[in-house]
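Novice: Whole structure, please, built from the sequences with the hints as guidance.
There are 2 protein chains.
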Amino acid sequence: MPKLAREVYIAAVGMCKFGNYSKYGPPENMKTSRDLWLEAYIDLMDHMTNKVKIQEEVECLFLGNFSSDLFEQQGHLAPLMAELIGLTPKPAMRLEDACVSGGIALRQAVIAVASGFYDTVIAGGVEKMCDLTTAGVTDTLAAAADAIYEYPYGATFPGLYANIGTAHMAKYGTTERQLHCVGIKNHENGSLNPRAQMPMTIKDMMIKAQKKAEKRGKPIPEWEDEYAFLDDLSVNPMIAYPLRLYDCSLVTDGAAMLIITTKENAKKYTDNPVQIIGSGQGSDTLSLHSRPDRTGLLAARTAAAEAYKMAGIGPKDIQVAEVHDCFTIAEIVATEDLGFFEKGQGAKAVEEGITARDGQLPINTSGGLKSKGHPIGASGIGQIVEVFKQLRGEAEGERQLKDRPSIGLCHNVGGSGGSCTVHILKVD
Amino acid sequence: MPKLAREVYIAAVGMCKFGNYSKYGPPENMKTSRDLWLEAYIDLMDHMTNKVKIQEEVECLFLGNFSSDLFEQQGHLAPLMAELIGLTPKPAMRLEDACVSGGIALRQAVIAVASGFYDTVIAGGVEKMCDLTTAGVTDTLAAAADAIYEYPYGATFPGLYANIGTAHMAKYGTTERQLHCVGIKNHENGSLNPRAQMPMTIKDMMIKAQKKAEKRGKPIPEWEDEYAFLDDLSVNPMIAYPLRLYDCSLVTDGAAMLIITTKENAKKYTDNPVQIIGSGQGSDTLSLHSRPDRTGLLAARTAAAEAYKMAGIGPKDIQVAEVHDCFTIAEIVATEDLGFFEKGQGAKAVEEGITARDGQLPINTSGGLKSKGHPIGASGIGQIVEVFKQLRGEAEGERQLKDRPSIGLCHNVGGSGGSCTVHILKVD
Chain A
17 MPKLAREVYI AAVGMCKFGN YSKYGPPENM KTSRDLWLEA YIDLMDHMTN KVKIQEEVEC
77 LFLGNFSSDL FEQQGHLAPL MAELIGLTPK PAMRLEDACV SGGIALRQAV IAVASGFYDT
137 VIAGGVEKMC DLTTAGVTDT LAAAADAIYE YPYGATFPGL YANIGTAHMA KYGTTERQLH
197 CVGIKNHENG SLNPRAQMPM TIKDMMIKAQ KKAEKRGKPI PEWEDEYAFL DDLSVNPMIA
257 YPLRLYDCSL VTDGAAMLII TTKENAKKYT DNPVQIIGSG QGSDTLSLHS RPDRTGLLAA
317 RTAAAEAYKM AGIGPKDIQV AEVHDCFTIA EIVATEDLGF FEKGQGAKAV EEGITARDGQ
377 LPINTSGGLK SKGHPIGASG IGQIVEVFKQ LRGEAEGERQ LKDRPSIGLC HNVGGSGGSC
437 TVHILKVD
Chain B
17 MPKLAREVYI AAVGMCKFGN YSKYGPPENM KTSRDLWLEA YIDLMDHMTN KVKIQEEVEC
77 LFLGNFSSDL FEQQGHLAPL MAELIGLTPK PAMRLEDACV SGGIALRQAV IAVASGFYDT
137 VIAGGVEKMC DLTTAGVTDT LAAAADAIYE YPYGATFPGL YANIGTAHMA KYGTTERQLH
197 CVGIKNHENG SLNPRAQMPM TIKDMMIKAQ KKAEKRGKPI PEWEDEYAFL DDLSVNPMIA
257 YPLRLYDCSL VTDGAAMLII TTKENAKKYT DNPVQIIGSG QGSDTLSLHS RPDRTGLLAA
317 RTAAAEAYKM AGIGPKDIQV AEVHDCFTIA EIVATEDLGF FEKGQGAKAV EEGITARDGQ
377 LPINTSGGLK SKGHPIGASG IGQIVEVFKQ LRGEAEGERQ LKDRPSIGLC HNVGGSGGSC
437 TVHILKVD
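So the protein sequences, as listed, match chains A and B. Take the position in the first sequence, starting the count at 1, then add 16; the result is the number in my numbering. Take the position in the second sequence, starting the count at 1, then add 16; the result is the number in my numbering.
Honestly, I wouldn't trust all of these hints.
Since the list gives no way to pick out one identical chain from another, each pair is judged satisfied if it fits inside one copy or across any two copies.
[Said to hold, decoys possible] The calculated lysine-lysine pairs, modelled on DSBU-like cross-linking and capped at a C-alpha distance of 30 Å, are:
id : residue 1 : residue 2
1  : Lys69     : Lys325
2  : Lys231    : Lys67
3  : Lys418    : Lys283
4  : Lys332    : Lys19
5  : Lys19     : Lys283
6  : Lys284    : Lys359
7  : Lys224    : Lys234
8  : Lys442    : Lys33
9  : Lys219    : Lys33
10 : Lys279    : Lys19
11 : Lys19     : Lys39
12 : Lys279    : Lys39
Keep in mind that the hints were calculated from the coordinates and are not lab data. Here the structure is a predicted model, which means the values were calculated and not measured.
Specialist: Below, the structure written as structure tokens:
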């Protein structure tokens with residue numbers, strides 16, 4: 017089982033505001049992946065405790081990106097992103113494993129520093145998705161599934177995760193209401209995140225829908241509560257049973273980056289760097305239909321086992337986690353794969369509020385991919401930004417957990433579970 | 017300057033026959049990237065000195081691939097390729113830096129093993145290019161250039177390297193005849209490589225053109241020699257001055273893989289593993305027009321400096337090299353960037369036969385990207401396969417150098433020089 021030969025720390029983090037910066041929207045709102053990457057860099061520099069000239073320190077860029085090729089007709093993104101922040105002619109490379117591209121970029125950065133090969137590197141991620149049509153985005157995301165045996169037969173990602181959803185419902189009795197609970201919780205968290213793409217609670221959305229009806233002179237719909245709102249097919253249409261529109265994460269433009277370094281170097285940046293005590297990665301068949309069981313992800317269990325073993329701790333020690341909620345069912349499955357709850361108990365846990373901000377184990381305090389947004393290659397890095405802030409007591413406003421956690425976990429999945437990374441963070 | 021904390025060895029290599037396996041060709045000749053990858057695996061197993069069950073040994077897959085997204089509408093390729101060779105659920109990731117995707121996959125594998133994080137991994141590469149039209153391939157390759165400032169203004173890759181060519185001609189007096197020398201030499205080498213896509217000498221091509229004319233009842237063209245043939249625009253049209261059709265490398269489907277491991281583990285596989293004594297990587301501006309000088313590549317000089325320093329040797333110690341001849345001018349520039357020849361002397365060196373198989377420093381004995389083929393993500397790994405064989409005296413037939421070399425180098429470039437890796441190999 018791999019070990020980290022020396023301690024690895026996160027010295028600083030930065031991210032842009034996740035959002036829709038389409039070139040087809042208002043011109044003043046248009047942003048390219050270059051703009052987003054530079055905003056993440058400025059955010060990192062602005063919030064660095066001690067100002068360090070990183071161009072003198074950083075030796076390599078590990079960049080997570082799913083498919084700038086298909087989204088922007090731009091491959092070879094890493095040297096470009098290195099150039100923009102003054103790293104030329106240092107090594108720069110892109111890492112790709114679909115939605116876990118950010119997670120594997122971080123893992124390679126961790127290995128490189130732990131090994132002593134480099135002392136200081138940047139692990140970053142960027143994705144610019146909103147310049148394509150909805151059909152174009154669906155088509156591009158489908159490239160993360162099997163292009164011979166899945167997509168040509170109509171299996172898009174909502175369909176694949178719906179399949180995981182129905183399997184989980186059939187085996188464990190998971191309900192649509194429990195799926196709603198995930199969305200309600202994550203939007204409630206995201207509403208407190210200034211960098212979230214959709215910082216609105218589901219109740220906000222309900223009120224917005226009522227106001228819209230009023231403005232149009234139509235009858236104002238009356239919903240008993242958020243659950244009734246989410247059950248209403250006229251506002252929350254079915255995408256692939258049991259997943260509705262609000263069970264899906266967002267299509268997002270975004271970028272994020274981390275300074276990964278040694279314990280000694282980290283002191284130049286800050287007095288309280290965050291240590292990465294565990295890193296795990298696993299894979300599985302690319303096709304969902306090739307797996308014997310669809311109620312959990314082998315890649316996630318493999319990654320978690322490696323990360324826990326490396327860290328010398330178990331699921332009970334985790335005090336906060338960001339998990340890959342690309343769909344609401346994915347969060348439930350994740351909390352089981354990570355061992356937070358018994359198999360089949362994840363849905364009950366969210367329903368009972370155990371994973372809420374004031375619960376026993378807060379999950380996705382950032383709002384998750386559901387509310388904060390899911391700019392594929394940047395998502396895994398964005399998760400680290402949130403846990404870094406929670407561990408240092410720096411999450412903005414109400415979002416900061418009252419009992420500041422000292423150990424947190426990030427779980428990032430690629431495709432329908434073909435790849436997964438798990439990282440465990442700790443602060444003294 | 018990074019160091020390798022422990023020795024790293026190549027224990028076994030495999031590659032498929034590079035070629036055009038288009039789905040639009042004869043059905044019996046059609047191959048997917050999955051087929052090519054499995055052929056590389058079978059080649060590796062067939063030629064492994066001692067048969068080792070690699071599924072029990074290999075801990076991670078580092079996969080080089082430029083753009084299966086655009087070529088095959090297939091992202092998330094690494095777990096799929098891992099699955100095909102029985103590695104699931106082990107970590108698998110894709111690395112991308114345009115045409116140096118194979119080179120950076122190898123470098124990450126080297127770092128992972130040197131660090132002690134893993135003991136045995138696979139560094140591989142695959143690309144399936146021939147299912148697109150010529151226009152589609154040009155369009156896809158252009159994604160390795162700047163998608164905002166280069167391609168929209170008509171700068172395709174022949175155009176970018178033509179720009180390097182004219183700069184080199186203007187500054188150093190390099191001639192079109194000298195460019196022809198590169199092609200003649202590499203096709204002569206490639207004609208001896210059973211895995212080459214176009215195993216023909218330029219003289220073979222000349223004779224073929226004459227026979228074709230004869231068959232059609234047209235006047236048989238008389239060319240004095242290969243140079244006259246290559247000067248004839250009717251058979252070798254201008255693509256972008258000074259680069260003609262036969263100055264360009266091939267569009268290729270192919271795959272290759274290497275077992276990278278520790279000295280101790282390598283003994284299980286073979287008595288004469290090849291050591292990687294140096295690894296270097298550099299970057300440059302993505303856009304060619306942003307660079308102060310276009311007669312050489314900063315990324316290549318940076319990568320070479322790191323690799324030489326790590327190996328504790330210099331250019332004079334290299335006895336054989338595979339360099340990135342995506343265009344004939346690129347080989348000339350490479351031999352200067354690597355310090356084999358003084359700046360401006362590379363063209364003269366090839367003309368004088370110094371880089372021929374029987375010359376002082378044989379370059380591209382495999383046939384290079386020019387004759388062996390250039391399946392982007394696999395090219396950098398394919399280079400290693402050749403040098404591995406030359407160092408072990410295992411190159412097929414006449415291709416094997418008479419004085420078996422003991423130190424060799426591989427130079428792999430991305431885009432117009434936005435990225436580069438250099439690896440130095442040694443055998444006892």
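Novice: The structure should be examined with respect to each hint, and the outcome stated for every one.
Specialist: Each hint tested on the structure:
no.: 1; hint: Lys69 / Lys325; verdict: between (35 Å within a copy, 26 Å between copies)
no.: 2; hint: Lys231 / Lys67; verdict: neither (50 Å within a copy, 75 Å between copies)
no.: 3; hint: Lys418 / Lys283; verdict: within (26 Å within a copy, 56 Å between copies)
no.: 4; hint: Lys332 / Lys19; verdict: within (21 Å within a copy, 39 Å between copies)
no.: 5; hint: Lys19 / Lys283; verdict: both (23 Å within a copy, 23 Å between copies)
no.: 6; hint: Lys284 / Lys359; verdict: neither (44 Å within a copy, 41 Å between copies)
no.: 7; hint: Lys224 / Lys234; verdict: within (14 Å within a copy, 78 Å between copies)
no.: 8; hint: Lys442 / Lys33; verdict: within (25 Å within a copy, 49 Å between copies)
no.: 9; hint: Lys219 / Lys33; verdict: within (23 Å within a copy, 61 Å between copies)
no.: 10; hint: Lys279 / Lys19; verdict: both (16 Å within a copy, 19 Å between copies)
no.: 11; hint: Lys19 / Lys39; verdict: neither (45 Å within a copy, 45 Å between copies)
no.: 12; hint: Lys279 / Lys39; verdict: neither (42 Å within a copy, 53 Å between copies)
The structure is inconsistent with the numbered hints 2, 6, 11 and 12, although it conforms to all the rest.
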